[in-house]
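Each chain, written out:
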Amino acid sequence: MSKKGKERKIRVVIAKPGLDSHDRGAKIVARALRDAGMEVIYTGLRQTPGQIVETALQEDVDVIGLSILSGAHSKLFPEIMGLLKKKGLGNVLVFAGGIIPQEDVPALKKIGIKEVFGPGTPTSTLVEFVREKAPKRK
Amino acid sequence: MPCLTDLQQLVKGVQKGDKRSIARTISIIENNEPEAQRIISLLYPKTGKAHILGITGPPGAGKSTLIEKLVKEMRNRGKTVGVVAVDPTSPFSGGAFLGDRVRMQDLSTDPGVYIRSMATRNHPGGLARATKDAARVLDASGKNIVIVETVGAGQSEVEVVKVAHTIIVVLAPGLGDDIQAIKAGQMEIGDIFVVNKADRENANKAKSDIETMLEMAQEKKGWKPLVAKTSALTGEGIAELLERIEEHRKYLKTGAIDERRKERIENELVEALTQKITESIVNELKQKDEWSKLTQKILSRETDPYSAADKLLTKQLKPTKKR
Numbered sequence: 001m002s003k004k005g006k007e008r009k010i011r012v013v014i015a016k017p018g019l020d021s022h023d024r025g026a027k028i029v030a031r032a033l034r035d036a037g038m039e040v041i042y043t044g045l046r047q048t049p050g051q052i053v054e055t056a057l058q059e060d061v062d063v064i065g066l067s068i069l070s071g072a073h074s075k076l077f078p079e080i081m082g083l084l085k086k087k088g089l090g091n092v093l094v095f096a097g098g099i100i101p102q103e104d105v106p107a108l109k110k111i112g113i114k115e116v117f118g119p120g121t122p123t124s125t126l127v128e129f130v131r132e133k134a135p136k137r138k
Numbered sequence: 001m002p003c004l005t006d007l008q009q010l011v012k013g014v015q016k017g018d019k020r021s022i023a024r025t026i027s028i029i030e031n032n033e034p035e036a037q038r039i040i041s042l043l044y045p046k047t048g049k050a051h052i053l054g055i056t057g058p059p060g061a062g063k064s065t066l067i068e069k070l071v072k073e074m075r076n077r078g079k080t081v082g083v084v085a086v087d088p089t090s091p092f093s094g095g096a097f098l099g100d101r102v103r104m105q106d107l108s109t110d111p112g113v114y115i116r117s118m119a120t121r122n123h124p125g126g127l128a129r130a131t132k133d134a135a136r137v138l139d140a141s142g143k144n145i146v147i148v149e150t151v152g153a154g155q156s157e158v159e160v161v162k163v164a165h166t167i168i169v170v171l172a173p174g175l176g177d178d179i180q181a182i183k184a185g186q187m188e189i190g191d192i193f194v195v196n197k198a199d200r201e202n203a204n205k206a207k208s209d210i211e212t213m214l215e216m217a218q219e220k221k222g223w224k225p226l227v228a229k230t231s232a233l234t235g236e237g238i239a240e241l242l243e244r245i246e247e248h249r250k251y252l253k254t255g256a257i258d259e260r261r262k263e264r265i266e267n268e269l270v271e272a273l274t275q276k277i278t279e280s281i282v283n284e285l286k287q288k289d290e291w292s293k294l295t296q297k298i299l300s301r302e303t304d305p306y307s308a309a310d311k312l313l314t315k316q317l318k319p320t321k322k323r
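As you go down the protein sequences, you meet chains A and B in turn. Quick note: the first sequence uses my numbering, first residue 1, plus one each step. Quick note: the second sequence uses my numbering, first residue 1, plus one each step.
There could be a bad hint or two in this list.
[Unchecked claim] Computed cross-link-like contacts, DSS-like style, restricted to lysine-lysine with a CA-CA straight-line distance of at most 25 Å:
#  : chain 1 : residue 1 : chain 2 : residue 2
1  : A       : Lys136    : B       : Lys46
2  : B       : Lys276    : B       : Lys315
3  : B       : Lys229    : B       : Lys72
4  : A       : Lys9      : A       : Lys136
5  : A       : Lys86     : A       : Lys75
6  : A       : Lys85     : B       : Lys16
7  : A       : Lys109    : A       : Lys133
8  : A       : Lys87     : B       : Lys16
9  : B       : Lys162    : A       : Lys86
10 : B       : Lys19     : A       : Lys86
11 : B       : Lys46     : B       : Lys250
12 : B       : Lys205    : B       : Lys79
13 : A       : Lys87     : B       : Lys288
14 : B       : Lys162    : A       : Lys85
15 : A       : Lys86     : B       : Lys12
16 : B       : Lys49     : B       : Lys229
17 : A       : Lys27     : A       : Lys86
18 : B       : Lys276    : A       : Lys9
19 : B       : Lys250    : B       : Lys49
20 : B       : Lys46     : B       : Lys262
21 : A       : Lys136    : A       : Lys85
22 : B       : Lys253    : B       : Lys46
23 : B       : Lys46     : B       : Lys12
24 : A       : Lys133    : A       : Lys114
25 : A       : Lys9      : B       : Lys19
26 : A       : Lys85     : B       : Lys205
27 : B       : Lys46     : B       : Lys16
28 : B       : Lys288    : B       : Lys276
29 : B       : Lys276    : A       : Lys87
Derived by calculation from the structure, the hints in this document are not laboratory data.
The shape of chain B in the complex, shown without the other chains (with noise of 0.2 Å):
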């Protein structure tokens, strides 16, 4: 186990850019390994700089092209880029295929680029549980932009939210009419739509009925989420829509990133202390003699799983005075 200078030199090494410190660090954070609090802890400080983008949607939108065409533009812009991209983990085996890479071959050897793959290890809400931290891994090695990629996601799948200051929702004409348009969740997160593939047919019609649909949502006040067309295939649309994640970027800097950040940082918050709370509470209660009586209890039906948890918590978690 590396000692604290080892991560004193680590965290230098992410400060400076350092390709294989944040490798590391990434991945130290992403095994859950016993340092990894710690060198959160020591990263922390210097985060805060980055612009972190999300985009989310669909499987086979058009994420991963769309974010190559992206960065080129962000980099001919003398902007440096980490991208986390993130793809689903098999349920079955635990192991994963990440593919987005094939996408971003270009950007490989660019020294002004980081691109991390990550499997989301069975964590729900599109995106794997160390996704937040390796943004900020990539924050603190000092990248003006970090673009996180989620997993093809589904209708439900916003936790991006959580961990980007400006949404982008990529779409493709033909995946669905008005009324899928019209549904919550993917749908309500976006700062940004993204109507991509606009070479193909269809692609006014979908931007349109994307555009009424956020015209019915009236009462949200501040930024008014925009709608725009892209050719990740040919380019077109690519420079238009960074002016518009420039714009996202300039309203957020007019006071309204403090309120979103609070509100993140809270629920950071009571995540982790929810966690922890958790823990400690069932690793104790799992040393009780009730716990495995119960168990038994539930396996052969004579009780079940609730009203064990319930006997749990009122009998078992009452400070006991002797042991």
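This is chain A alone, in the form it adopts within the complex (with noise of 0.2 Å):
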């Protein structure tokens, strides 16, 4: 074991809550990521907040990117926030993107969504904040 502790990656879930069923944008951005090496574990369509906590936790990822176009943001995103709360995984990042208006982006700041990306974003921008951001183990 010569390398030893130097095999960590980030690890990100990209999930889709809701019941909207375009996820060409999630893609891009798992593919993204995949491309800046870390490893991404996609969850597929229609995740309730409990499957996104679970996924989280069971693949003790340091990131969570919530991708949602129906405009259920308002409802589900609090639940999820709440869900990693009480589950232990508080220090988790957690990103949005999709469609999300402006006018909303302040509460979802407030609950703990670090940062909300509209369309256009370069994916670049998105790589740079996870590497900053993601949190840093030991």
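Starting from the two chains in their separate frames, assemble the complex, guided by the hints.
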């Protein structure tokens, strides 16, 4: 075991909460993070907050990216953030993307979503954000 | 770095089946953190109870979807299940896209199921270096059955035989003819072959191609591999497949498993030794002046890697009396 501890990778869950079925954006983000050397777990469509948090727990991830286009973010995101805290995953970095009106963003940030990325965000911005903000372990 | 009591705490958590403890433990092992070896030695005595299934087969054969159906059926029968699903790491970026959970969504909130996605991190053979130990962690956590899903494996990616008790090779109609079925490698390791996507055309043809191939291997004594037909889409054949798996488990219990286990443990010991010996020797050699000199020489084409290796071995490896 010569490379002790050097094998750490940033692990990310990219999740699609709610009922919309457009995951092109989520896949582009997943792909970009993969190409930046991260391990990206994709959940698939129509995930409940419970499923997303369980996945994050079992996969021991550092980061969660939520993609939503249905407009249900103000309902679902607080549930997700609440569950994360409850399961002891309060230090996981959470960001969001998709179609989220500017006026909703402050409230989402207040509950702990670190950043909200709208359409047209360059993937390099995302990669930089995750690299910089992902919680450092030990 | 966690101290020993923290590790013992973690091990206790694993034994209780606490998901957070399991998750952290697998990460420690996967990342080869300094306490990895210690934690494996603490867990090892608690392992050996689970039936470990290896599921392999080419990409797109339906392994993950089949696993979801199998696990549901196992849950109906009151078994707890752990899954380690391996997907490839990019040799270019070092990143990975782990998509097996997409097919197993219904399982993620079941308290009796634990699923972990794992990237190969460029380990060859269809599994990650840490897969075996991750399966051990799930075993120690009290899961009755642990399923190891390989990457969409090529013909020669057969490392799963070192990990699992029962190997299931998942195929689908239209992937190849009887010539493919007779090839070495993957087609030799199955205890059970599954022709998945049986709802499609030619499933019977695929099944009989494999059966014919298996009949040719007469010299094999003991377990005779069998072929099952399933449709993970419709659920057809899933319960029957579970019966076949159970048959194989019972067969192993008759003593066949001891042979396998012993062989596997010896192999593992050799592997662990080889790794440690290689490391300590190479690390020592790297300290010598000769190392950098020879590296330079290879670079300038004055010598080649093989001759340089010979030189290092014969000249440098002798115990040095004066330093």
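| said: Which constraints among the numbered hints does this structure fail? Numbers only, ascending. | reply: 1, 9, 12, 13, 14, 16, 17, 26, 29
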